[in-house]
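There are 2 protein chains.
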Amino acid sequence: MTDAPTDPPPQTRRDLLARIGLAAGGAAMYQAMTALGASAESTYTGPIRLEGDARNASVLVLGAGVAGLVAAIELRKAGYRVQVLEYREKAGGRAWTLRGGDRFTELGGATQEVRFDEGQYFNPGPWRIPYNHRGILDYAHRLNVPLEPFIQVNHNALVHGRNAFGGRPKRYREIMADYHGGVAELLAKSTQQGKLDGLITKEDGEILIESLRSFGALDRNLAYAKNLQSSDRRGFEKDPGGGLSARPVPSEPMSLKDVLSSRAWAYLASGALTEFQMTMFQPVGGMDQIALAMAREVQDAIRYNTKVVGIQQDDRGVTVAYEDTGTPGQVQQARADWCVCTLPLSILSQLEVNVSAPMANAIQAVPYAASVKVGLQMKRRFWEQDEAIYAGISYTDLPIRMIQYPAHGYGSRGKGVVLGAYAFGPYAYEFTALAPEERVRRAVEWGSQLHPQYKDEFETGVGVGWHRVPWSLGCNGIWTEATRRDHYDNLCALDNRIILAGEHASYIPAWQEGSVTSAIDAVSRLHRRVVSA
Amino acid sequence: MTDAPTDPPPQTRRDLLARIGLAAGGAAMYQAMTALGASAESTYTGPIRLEGDARNASVLVLGAGVAGLVAAIELRKAGYRVQVLEYREKAGGRAWTLRGGDRFTELGGATQEVRFDEGQYFNPGPWRIPYNHRGILDYAHRLNVPLEPFIQVNHNALVHGRNAFGGRPKRYREIMADYHGGVAELLAKSTQQGKLDGLITKEDGEILIESLRSFGALDRNLAYAKNLQSSDRRGFEKDPGGGLSARPVPSEPMSLKDVLSSRAWAYLASGALTEFQMTMFQPVGGMDQIALAMAREVQDAIRYNTKVVGIQQDDRGVTVAYEDTGTPGQVQQARADWCVCTLPLSILSQLEVNVSAPMANAIQAVPYAASVKVGLQMKRRFWEQDEAIYAGISYTDLPIRMIQYPAHGYGSRGKGVVLGAYAFGPYAYEFTALAPEERVRRAVEWGSQLHPQYKDEFETGVGVGWHRVPWSLGCNGIWTEATRRDHYDNLCALDNRIILAGEHASYIPAWQEGSVTSAIDAVSRLHRRVVSA
Numbered sequence: 029m030t031d032a033p034t035d036p037p038p039q040t041r042r043d044l045l046a047r048i049g050l051a052a053g054g055a056a057m058y059q060a061m062t063a064l065g066a067s068a069e070s071t072y073t074g075p076i077r078l079e080g081d082a083r084n085a086s087v088l089v090l091g092a093g094v095a096g097l098v099a100a101i102e103l104r105k106a107g108y109r110v111q112v113l114e115y116r117e118k119a120g121g122r123a124w125t126l127r128g129g130d131r132f133t134e135l136g137g138a139t140q141e142v143r144f145d146e147g148q149y150f151n152p153g154p155w156r157i158p159y160n161h162r163g164i165l166d167y168a169h170r171l172n173v174p175l176e177p178f179i180q181v182n183h184n185a186l187v188h189g190r191n192a193f194g195g196r197p198k199r200y201r202e203i204m205a206d207y208h209g210g211v212a213e214l215l216a217k218s219t220q221q222g223k224l225d226g227l228i229t230k231e232d233g234e235i236l237i238e239s240l241r242s243f244g245a246l247d248r249n250l251a252y253a254k255n256l257q258s259s260d261r262r263g264f265e266k267d268p269g270g271g272l273s274a275r276p277v278p279s280e281p282m283s284l285k286d287v288l289s290s291r292a293w294a295y296l297a298s299g300a301l302t303e304f305q306m307t308m309f310q311p312v313g314g315m316d317q318i319a320l321a322m323a324r325e326v327q328d329a330i331r332y333n334t335k336v337v338g339i340q341q342d343d344r345g346v347t348v349a350y351e352d353t354g355t356p357g358q359v360q361q362a363r364a365d366w367c368v369c370t371l372p373l374s375i376l377s378q379l380e381v382n383v384s385a386p387m388a389n390a391i392q393a394v395p396y397a398a399s400v401k402v403g404l405q406m407k408r409r410f411w412e413q414d415e416a417i418y419a420g421i422s423y424t425d426l427p428i429r430m431i432q433y434p435a436h437g438y439g440s441r442g443k444g445v446v447l448g449a450y451a452f453g454p455y456a457y458e459f460t461a462l463a464p465e466e467r468v469r470r471a472v473e474w475g476s477q478l479h480p481q482y483k484d485e486f487e488t489g490v491g492v493g494w495h496r497v498p499w500s501l502g503c504n505g506i507w508t509e510a511t512r513r514d515h516y517d518n519l520c521a522l523d524n525r526i527i528l529a530g531e532h533a534s535y536i537p538a539w540q541e542g543s544v545t546s547a548i549d550a551v552s553r554l555h556r557r558v559v560s561a
Numbered sequence: 029m030t031d032a033p034t035d036p037p038p039q040t041r042r043d044l045l046a047r048i049g050l051a052a053g054g055a056a057m058y059q060a061m062t063a064l065g066a067s068a069e070s071t072y073t074g075p076i077r078l079e080g081d082a083r084n085a086s087v088l089v090l091g092a093g094v095a096g097l098v099a100a101i102e103l104r105k106a107g108y109r110v111q112v113l114e115y116r117e118k119a120g121g122r123a124w125t126l127r128g129g130d131r132f133t134e135l136g137g138a139t140q141e142v143r144f145d146e147g148q149y150f151n152p153g154p155w156r157i158p159y160n161h162r163g164i165l166d167y168a169h170r171l172n173v174p175l176e177p178f179i180q181v182n183h184n185a186l187v188h189g190r191n192a193f194g195g196r197p198k199r200y201r202e203i204m205a206d207y208h209g210g211v212a213e214l215l216a217k218s219t220q221q222g223k224l225d226g227l228i229t230k231e232d233g234e235i236l237i238e239s240l241r242s243f244g245a246l247d248r249n250l251a252y253a254k255n256l257q258s259s260d261r262r263g264f265e266k267d268p269g270g271g272l273s274a275r276p277v278p279s280e281p282m283s284l285k286d287v288l289s290s291r292a293w294a295y296l297a298s299g300a301l302t303e304f305q306m307t308m309f310q311p312v313g314g315m316d317q318i319a320l321a322m323a324r325e326v327q328d329a330i331r332y333n334t335k336v337v338g339i340q341q342d343d344r345g346v347t348v349a350y351e352d353t354g355t356p357g358q359v360q361q362a363r364a365d366w367c368v369c370t371l372p373l374s375i376l377s378q379l380e381v382n383v384s385a386p387m388a389n390a391i392q393a394v395p396y397a398a399s400v401k402v403g404l405q406m407k408r409r410f411w412e413q414d415e416a417i418y419a420g421i422s423y424t425d426l427p428i429r430m431i432q433y434p435a436h437g438y439g440s441r442g443k444g445v446v447l448g449a450y451a452f453g454p455y456a457y458e459f460t461a462l463a464p465e466e467r468v469r470r471a472v473e474w475g476s477q478l479h480p481q482y483k484d485e486f487e488t489g490v491g492v493g494w495h496r497v498p499w500s501l502g503c504n505g506i507w508t509e510a511t512r513r514d515h516y517d518n519l520c521a522l523d524n525r526i527i528l529a530g531e532h533a534s535y536i537p538a539w540q541e542g543s544v545t546s547a548i549d550a551v552s553r554l555h556r557r558v559v560s561a
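Those sequence lines, one after another, are chains A and B. Quick note on the numbering used here: the first sequence kicks off at 29 and runs consecutively. Quick note on the numbering used here: the second sequence kicks off at 29 and runs consecutively.
Some clues are possibly wrong.
Put simply, identical chains are the same to the list, so a pair is met inside one copy or across any two.
What the hints assert, rightly or not - Computed list of lysine to any residue pairs in SDA-like fashion (alpha-carbon distance at most 25 Å, straight line):
1. Lys285 with Glu238
2. Lys223 with Ile235
3. Lys254 with Lys285
4. Lys335 with Gln358
5. Lys285 with Gln220
6. Lys285 with Ala251
7. Lys198 with Gly233
8. Lys118 with Arg104
9. Lys335 with Gly136
10. Lys217 with Glu234
11. Lys217 with Asp232
12. Lys217 with Ile235
13. Lys407 with Leu171
14. Lys217 with Lys230
15. Lys254 with Ala510
16. Lys266 with Arg512
17. Lys198 with Gly74
18. Lys483 with Gly128
FYI, nobody ran anything at the bench for these hints, they're computed from the structure.
Input sequences plus hints: build the corresponding full structure.
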């Protein structure tokens with residue numbers, strides 16, 4: 029659920045730094061980002077096969093989110109007796125989709141009832157799947173969950189800064205074309221003028237100039253200028269058409285100086301990161317569809333409405349104390365030979381668990397990210413009808429940070445739910461300090477700076493602050509270089525009869541792929557222990 | 029159907045120049061490209077409303093392709109009596125989709141029978157719709173034709189050059205990341221070293237450097253180097269994962285010198301052109317779905333299997349001579365007050381038509397592009413399963429020029445039809461000089477240089493050479509700056525009682541949007557004449 033590295037205007041970078049407690053500049057921030065491993069692929073290499081005799085051993089899996097479900101599916105397949113304990117009334121965990129009729133109560137007691145129309149939905153958690161997250165994709169394929177493209181970069185979407193261009197939104201394509209063009213012109217001209225002698229050979233310099241012409245839509249004088257070439261990147265003043273009066277009229281590019289000072293270039297890296305390159309996916313109908321399909325595979329093994337309150341192991345097995353959420357205070361016990369615990373560390377760190385000191389320290393070492401998402405149902409798909417924005421993301425430095433348009437139902441005359449805010453860190457705390465209805469009201473207010481239609485078209489909304497969600501208390505585990513070094517391996521190690529899994533036990537935090545690959549690694553190691561015992 | 033400007037390795041540029049008969053270099057080529065108007069948006073501003081009394085006038089529309097269908101729909105709505113004459117047994121013209129069981133015969137008599145499985149299809153003509161082609165999109169929306177994203181740029185697809193990197197394909201993301209990184213490093217370092225003094229102020233230079241860090245994934249020393257940052261663009265040596273041993277290992281970037289000399293950078297501009305920016309579309313089930321939905325609106329007005337052999341006008345109307353294709357030689361006549369002729373100029377220029385000299389000259393002035401497309405059915409979707417390539421385009425400098433993977437049915441275990449070749453100009457002539465089965469065989473042979481799986485997985489294919497298609501004799505009209513200047517307005521003018529429409533009468537050649545906007549412009553002018561008469 030974190031995509032901070034993608035969406036960073038300079039301000040967001042500071043948010044990120046603030047969040048991870050690093051006081052440092054750009055380069056250190058990059059180090060921090062890669063330490064977080066937030067932009068990452070997967071080591072998944074295909075369906076696992078746990079070879080060898082499971083000896084009829086039993087396993088308690090705690091949590092029926094993606095990690096718990098993968099563990100349950102694979103352990104069962106290998107011959108284990110599996111029971112899954114799940115706090116909620118359904119599976120999926122943070123792979124959660126809200127639809128009309130859903131209700132949920134956050135920390136503090138505020139309850140939101142979702143009033144979306146039939147067929148409308150909103151993913152407060154994960155919402156997109158990169159092509160290189162092969163584990164979660166493979167489960168989706170094998171479980172016949174239909175996928176459709178998720179659109180990350182939309183060149184026709186908006187880029188907005190309060191202090192950029194007088195507060196008027198620009199199109200992504202305008203920022204992109206003018207930045208590329210300006211940079212290409214500068215480098216091509218300085219190369220041609222011999223200023224780069226010593227940095228590049230004459231021969232390479234010639235090919236470089238030729239390449240920059242193509243990359244930056246430069247004219248014969250190596251200028252990025254007002255003409256049909258540049259307009260074919262940034263958009264025309266008057267589009268070409270058919271019949272008479274069809275000749276296109278070029279638009280006026282912005283100067284590189286203006287693009288640079290707007291800082292809107294910060295959004296251009298978004299689609300270049302491996303996680304946000306094409307082709308990305310979403311399940312048809314909502315992100316919960318994959319987890320729900322997984323849950324169907326092990327449905328009879330899942331006990332819902334079950335709150336874990338303690339985990340004790342001895343040399344022969346693991347005893348988990350739990351309560352039915354309907355009868356709090358009445359503690360019951362489940363026991364098995366082994367335990368795969370996928371509870372978020374934000375929860376696990378508050379339970380009594382007898383693991384070794386290194387794992388206990390690791391469990392306490394990982395703080396959780398605050399984040400907020402707001403879903404807004406609009407009466408009509410004005411972004412498509414009025415502005416030719418089909419799916420994708422508009423960026424802003426307002427507290428809502430972005431607006432995402434639905435990547436399905438293109439051109440339909442019905443309603444649509446946009447992601448009206450997605451913020452981390454301080455913005456998220458600010459947002460969720462507000463009552464839910466006020467979060468929604470503010471999201472509409474801020475969003476109307478990008479889309480004036482907002483105020484007329486808004487119908488109903490919902491705002492989820494992850495640090496107020498009782499069963500996760502945060503969006504994802506936050507790792508730093510230091511905590512990775514000191515605690516990561518201890519967190520992941522099989523601790524006598526307990527092993528942890530989840531996005532927090534991976535280098536792909538906040539992504540379902542982290543949960544999948546972590547669960548596969550955990551059950552593989554557990555199985556090796558069982559087989560070799 | 030031309031997307032030559034998108035797909036140009038240097039060789040293709042020369043193809044383009046050869047094709048349009050210009051002997052010139054890079055800059056002139058760009059001029060030529062923009063003169064062609066091949067990369068263009070649309071002037072469509074919403075459904076037209078032809079106000080005023082049509083006086084019960086009658087119109088003959090020649091051709092039931094997109095232009096003819098739009099003309100028929102709008103004229104009828106305005107109160108005209110409309111008859112459409114169509115050569116083929118169905119509507120759509122070049123908006124054509126081939127499915128199992130289809131047969132077609134090309135010039136020279138070779139007949140191909142399409143042997144694709146149920147549910148598989150191939151678009152030999154248009155195959156994608158840009159977001160800014162608002163006319164064709166609006167008709168699709170209004171006629172409830174479901175659309176799904178077309179994927180143009182796929183960062184995980186391949187880039188292949190016979191003489192680049194020892195003939196081993198690279199991933200698009202590797203070329204992109206390493207080109208951006210190399211260019212950013214060069215410009216950032218030369219700016220920092222003061223080499224650009226005079227070209228940029230110190231203050232702007234500082235923001236420029238900061239922006240280049242982000243754009244090019246530069247490290248703290250402004251180097252594009254082997255580290256997690258660059259790998260997060262180009263891909264990792266070992267991907268991050270979950271559990272133990274999950275730490276990612278960075279990959280080694282290519283040098284800027286190697287990227288430049290490979291000329292693979294030429295493909296990077298593809299997704300930056302307005303026509304190929306996100307979000308693009310395709311109709312679910314095949315491109316013909318829009319035209320067929322249009323045809324249903326005016327079904328009773330269309331006379332199929334009708335070959336136009338002559339068009340004569342006088343001051344009171346237009347007489348069109350035609351033959352039933354089943355009974356060639358038996359000339360019949362249709363008459364109406366007006367005629368909207370959408371026949372390709374390649375066909376129209378061979379008919380007897382009494383228009384003014386300027387229009388007659390214009391009709392003769394526009395040559396037609398040769399192009400070829402080959403569709404190949406594969407037993408399994410190995411590009412997804414083996415290589416994580418979901419939709420999008422791989423590029424090569426082999427005569428096939430590209431391979432496109434289907435943008436639907438993601439992850440399905442069934443078969444798939446890839447676009448196995450799409451070539452213009454000399455390559456297209458070479459290809460279609462071959463018998464159809466040989467075209468397919470060659471496409472498989474060449475394609476196996478990108479995908480060794482080709483030879484095992486190929487099942488059946490079909491190859492369409494547009495200059496051999498009897499009812500179009502080419503892919504699209506080719507305009508130059510000179511012919512635009514001398515002939516375009518004469519081609520589009522209402523010539524007494526005849527007006528032309530089609531992609532050839534637009535600044536958006538080879539795109540359905542050219543047909544839509546040209547038809548709307550033509551019927552609007554025709555109607556004004558009728559109303560003001």
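Q: Return the numbers of the hints above that this structure violates; sort them in rising order.
A: No numbers; nothing is violated.
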